[in-house]
Amino acid sequence: MKKLLRPLAQITYRLLKPAIRPIALRARRYLMAELQQDFRQEIQNSLSANLTKLQEIRHQLLQDAFASQSAIHHAQSAIHQELQKATAHMVQELQKAQASIQGDVLTTRQAVTHEIRQATSTTAQEFRDTQVPLRQEMVAAHQKALESHSLTHLETQQAVSETTQRLDEWFANINPKLDRIEIYSHATARRVAVNCGNGAVLVRTEAGFALCAENDHALLASLLETGELERGTRLLIEKLVEPGNCFIDVGANIGLHTLAAARSMQGQGKIIAFEPFGPTKALLERSVWMNGFASLVEIHQAAVSNETGHHKLFLGATSGHHSLFPLDERTSTDTEPVEVSVVKIDDIVPATQKVDLLKIDAEGAELQVIESAAGLIERNTELAIIVEFGPAHLKRTGIAPGDWLNAFAAHGLQYRAINSVSGVLEHWTIENLLACDSINLLFSRKNSGVWERLDA
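Heads up: the sequence shown at position 411 corresponds to 410 in numbering that gives the first Met the number 0, and the numbers run straight through without jumps.
Taking lysine-lysine and the DSBU-like style, the derived pairs with C-alpha atoms no more than 35 Å apart in a straight line are:
1. 269 with 95
2. 238 with 394
3. 353 with 311
4. 269 with 311
5. 269 with 445
6. 353 with 269
7. 238 with 353
8. 238 with 269
9. 84 with 269
10. 311 with 394
Quick list of simulated restraints, FRET-style, between CB atoms:
11. 345 with 216: 30 to 40 Å
12. 294 with 425: 34 to 44 Å
13. 87 with 265: 26 to 36 Å
It is worth saying that the hints were derived from the structure and are not from the lab.
All C-beta atoms, glycine included, are put in the ideal place defined by N, C-alpha and C.
Take these sequences, add in the hints, and give me the full structure.
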């Protein structure tokens with residue numbers, strides 16, 4: 000049966016296909032058109048809804064941005080007001096501190112002047128009190144010689160000679176006393192020390208007023224006794240530095256050499272100072288400001304070496320003994336090393352900057368400093384360099400004295416020793432250098448005008 004119906008069905012399908020196919024296509028188009036219209040409408044509705052949401056979100060974001068800008072503006076205004084208040088308060092505190100320091104210094108100076116006047120008055124009175132009896136004795140002896148007919152001319156001369164000898168002895172005894180009074184007067188006049196609080200003590204030095212740490216007893220004792228640390232080097236710096244010069248102070252410490260150079264510049268010039276230890280750098284900044292040299296001095300809280308980054312700073316018993324190298328038992332303390340920044344001079348000082356004097360007090364890192372300033376040294380043919388030579392530093396760092404000196408000679412530099420008291424330049428052999436504890440040397444090129452200026 001199936002076999003009979005299958006051919007019949009195939010024939011029927013072939014006959015009806017041309018008529019049914021267009022009808023089916025039209026029906027499909029009709030049904031699909033409605034579906035497409037529904038889809039388009041649904042998509043349009045969805046897009047409209049999404050667009051509305053996007054507009055709402057954009058509006059909300061604009062409102063949030065405006066609110067944030069307003070808040071930032073208010074915050075900036077508040078911060079600016081707070082900074083103004085803090086600055087005004089700081090200025091008032093500094094003015095009060097300055098006025099207090101000036102008052103203390105004036106009071107101390109008046110007291111010292113009063114003591115000097117009293118000492119001078121007492122000495123003068125003693126001189127007068129002793130002079131009158133001597134004159135009376137001389138007159139009495141002379142009258143006695145004249146009145147006594149039994150005295151011979153020889154005896155008269157002997158009496159006068161004895162009296163004169165006594166007078167000479169008195170003058171010989173009084174002159175040392177007067178000299179001591181003068182010395183004590185000058186020393187007392189220098190002994191002006193004021194506790195400024197926050198661990199700082201103000202000391203009057205030969206270079207100006209300087210602040211140092213109240214627990215740096217060795218430094219305080221030296222400043223109160225002599226008024227400075229390295230007299231000869233200070234005198235040489237004052238002779239070398241002129242208005243308009245540039246001075247680089249590596250290892251500035253509390254700034255005595257910085258102050259001396261700034262004073263010699265007379266308001267014209269530039270000083271670049273490096274001090275790695277934070278508390279000492281803060282004292283240096285205040286000392287520079289207090290002496291009126293803030294516009295001349297640029298201070299970097301960093302150690303100078305032949306590398307950049309960070310390095311341990313080993314703390315000595317006094318601020319001038321801090322070093323990038325481990326210290327020996329004589330100069331070290333139980334304090335842990337601190338991390339400090341290290342920089343190269345050639346990275347800090349512009350190549351266009353002319354430099355006249357470079358001072359290096361690096362407690363063993365002198366050659367690293369020279370390496371970091373190789374470009375500066377080559378550019379400045381008239382450069383003078385003051386550097387400390389210390390056999391103990393060479394021993395700590397493992398550098399032979401000859402190698403140390405050759406590092407300077409490689410740049411064409413020659414040296415002379417600086418007399419620690421007078422600042423006069425002296426010719427020292429390497430044997431002389433090794434025989435001392437420490438000596439500051441002046442380096443410059445053979446044909447540099449530095450030698451001619453200092454010998455004049």
